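Trainee: Starting from the given sequences, assemble the full structure and let the hints guide the process.
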Amino acid sequence: MLEFIGLLLLFMVIAAIVAIETRDLLAAVISVTAVGFGVIIAFFYMRAPDVAIVPIVVEVLILIILIRATLRVGLRTFIGNRDFFGMMVTMAMLAVIFLAGIRVFDDFPPFGHPVMQRIADAPTRLYIANGLKETGAANIVTAVLLDYRAYDTLGEATVLFTAIMGAIAVIRKKARKKPTEPEVGEWEE
Amino acid sequence: MAEKGMTPIVKTITGWIKGLIMIFGIYIVLYGHLTPGGGFAGGVILAMVFVLLTLAYGKEESLRRFRIGVASELDSVGALMFLVIAVLGIAGTLGGRFFINYIAKANPGTPFTLFSSGIIPLCNIAIALKVASSLFMVFILLVLMRVIHGPGERA
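Chains as they are written, first to last, in the numbering used here: chain Y, 53 to 241; chain L, 22 to 176.
What the hints contain is simulated information worked out from the structure, not anything from laboratory work. Since this is a predicted model, take the numbers as computed values, not measurements. Heads up, a few of these hints could be off.
Short, incomplete list of chain Y residues facing chain L, as computed with Cβ under 10 Å [stated by the list, open to error]:
hint, residue
1, E55
2, G58
3, L62
4, V103
5, A104
6, I108
7, V109
8, A189
9, L198
10, I220
In silico negatives: residues of chain L with every beta carbon more than 10 Å from chain Y [as the list claims (entries may be wrong)]:
hint, residue
11, T35
12, G36
13, I38
14, G40
15, T56
16, G59
17, R85
18, I111
19, L115
20, G116
21, N145
Glycine residues also receive a C-beta, built at the ideal position from the N, C-alpha and C atoms.
Mentor: Structure, rendered in structure tokens:
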């Protein structure tokens, strides 16, 4: 199983590089979605269908939205060169963070041995032991999301609400005009 | 786009399966506390029904079924419903804490059945309303959006 996850990681890395380097926006969008589906397959192999369902539907929706947006606007290619100095600074920062952070992996539990097996009074043990009794929900993930950690879910819902409000505030001005009465040369269609 | 929407093949298939997708989304929402899924996943599936309608028939058809004002109100109703469920827990007789599962405390129900686990299915329904209507609104906004070019630019 670990080999399969490694192969999947390699595939995702290649797809991410393609997404960054290609000059065709449609190919970049499809490559980003390929990375997302790699993550989804990894979730399924780690037996987390709860976590995998949401990315599946969201990836499909994002693919539709991005293709619709990029193809309509007609931005087929990305023109422009990257700033060499800025990219070097970014790479140096990433290298420093990576070298400093690699020590963290020493303290990680080995793959497939979650931290709750090592720590006796980890909260996850309590959730698994008492989840069904305390909440009555057979699906432990939902019990955590909407009972033990419901406050977190409320914040998540607020983030979505705020994002929609921001999107409406930004886009409304352009969308309010009827496309049937365009000013000459102003509208794209 | 000479004719609105896609080919008759796509339109026919969409007409057949749109109800099935909707039932699947509602199932994912209602059984979120028993099987994998929940409010967010089910809400996105419900939004995808209207995205599919928009892609197959054009935006007029989906806006006729799900007007943008209704979507905006459902978005707010979902958020408010979630908040009200949370705040009701503060009431002293119900438990005295934010987001306490007061229905499950008073009336636990049988585990592994639909009517169990108190406020969790209600929260799932609220989240599904919110997510479905907001994602549909995002899609409609991006479809309706036009790019205004400056005087010197070319499309």
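Trainee: Each of the hints needs a verdict: does it hold here or not?
Mentor: Taking the hints in turn, this is what the structure says about them:
Proximity of E55 of chain Y to chain L is violated relative to the hint, the smallest CB-CB distance being about 26 Å (cut-off 10 Å). The beta carbon of G58 of chain Y is not positioned within 10 Å of any beta carbon in chain L (closest approach about 26 Å), and the interface hint is therefore violated. Annotation: interface hint on L62 of chain Y violated; nearest CB of chain L at approximately 28 Å, more than 10 Å. Among the interface hints, the one on V103 of chain Y holds; its C-beta lies about 9 Å from the nearest C-beta in chain L, closer than the 10 Å criterion.
Because the smallest distance between the Cβ of A104 of chain Y and any Cβ of chain L comes to about 8 Å, under 10 Å, the interface hint for this residue holds. Taking 10 Å as the C-beta contact cut-off toward chain L, the hint placing I108 of chain Y at the interface holds, the least distance being around 8 Å. Taking 10 Å as the C-beta contact cut-off toward chain L, the hint placing V109 of chain Y at the interface holds, the least distance being around 4 Å. Evaluation of the A189 of chain Y hint against chain L yields a held restraint, the C-beta minimum of about 4 Å falling below 10 Å.
Among the interface hints, the one on L198 of chain Y holds; its C-beta lies about 5 Å from the nearest C-beta in chain L, closer than the 10 Å criterion. Taken as an interface hint, I220 of chain Y checks out: its beta carbon lies about 7 Å from the nearest beta carbon of chain L, inside 10 Å. With a cut of 10 Å on Cβ distances, T35 of chain L stays outside the contact zone with chain Y, its closest approach being about 14 Å. For G36 of chain L, the shortest C-beta to C-beta distance to chain Y comes to about 19 Å, beyond the 10 Å cut-off, and the non-interface label holds.
Listed as a non-interface residue, I38 of chain L keeps its Cβ farther than 10 Å from every Cβ of chain Y; the least gap is roughly 15 Å. With a closest Cβ-Cβ approach of about 18 Å to chain Y, G40 of chain L is found to remain outside the 10 Å limit, as its non-interface label requires. Look at T56 of chain L: its CB is around 6 Å from the nearest CB on chain Y, not clear of 10 Å, so calling it non-interface is violated. Not every Cβ of chain Y is farther than 10 Å from the Cβ of G59 of chain L; the closest lies at roughly 5 Å, contradicting the non-interface assignment.
For R85 of chain L, the condition that its CB be more than 10 Å from all CB atoms of chain Y holds, with the nearest at approximately 17 Å. I111 of chain L, annotated as away from the interface, keeps every beta carbon of chain Y farther than 10 Å; the closest lies near 13 Å. Once the 10 Å rule is applied to beta carbons, L115 of chain L is consistent with being away from chain Y; the minimum gap is 15 Å. Once the 10 Å rule is applied to beta carbons, G116 of chain L is consistent with being away from chain Y; the minimum gap is 12 Å.
Once the 10 Å rule is applied to beta carbons, N145 of chain L is inconsistent with being away from chain Y; the minimum gap is 7 Å.
Consistency with the previously given hints fails for numbers 1, 2, 3, 15, 16, 21, ordered from lowest to highest.
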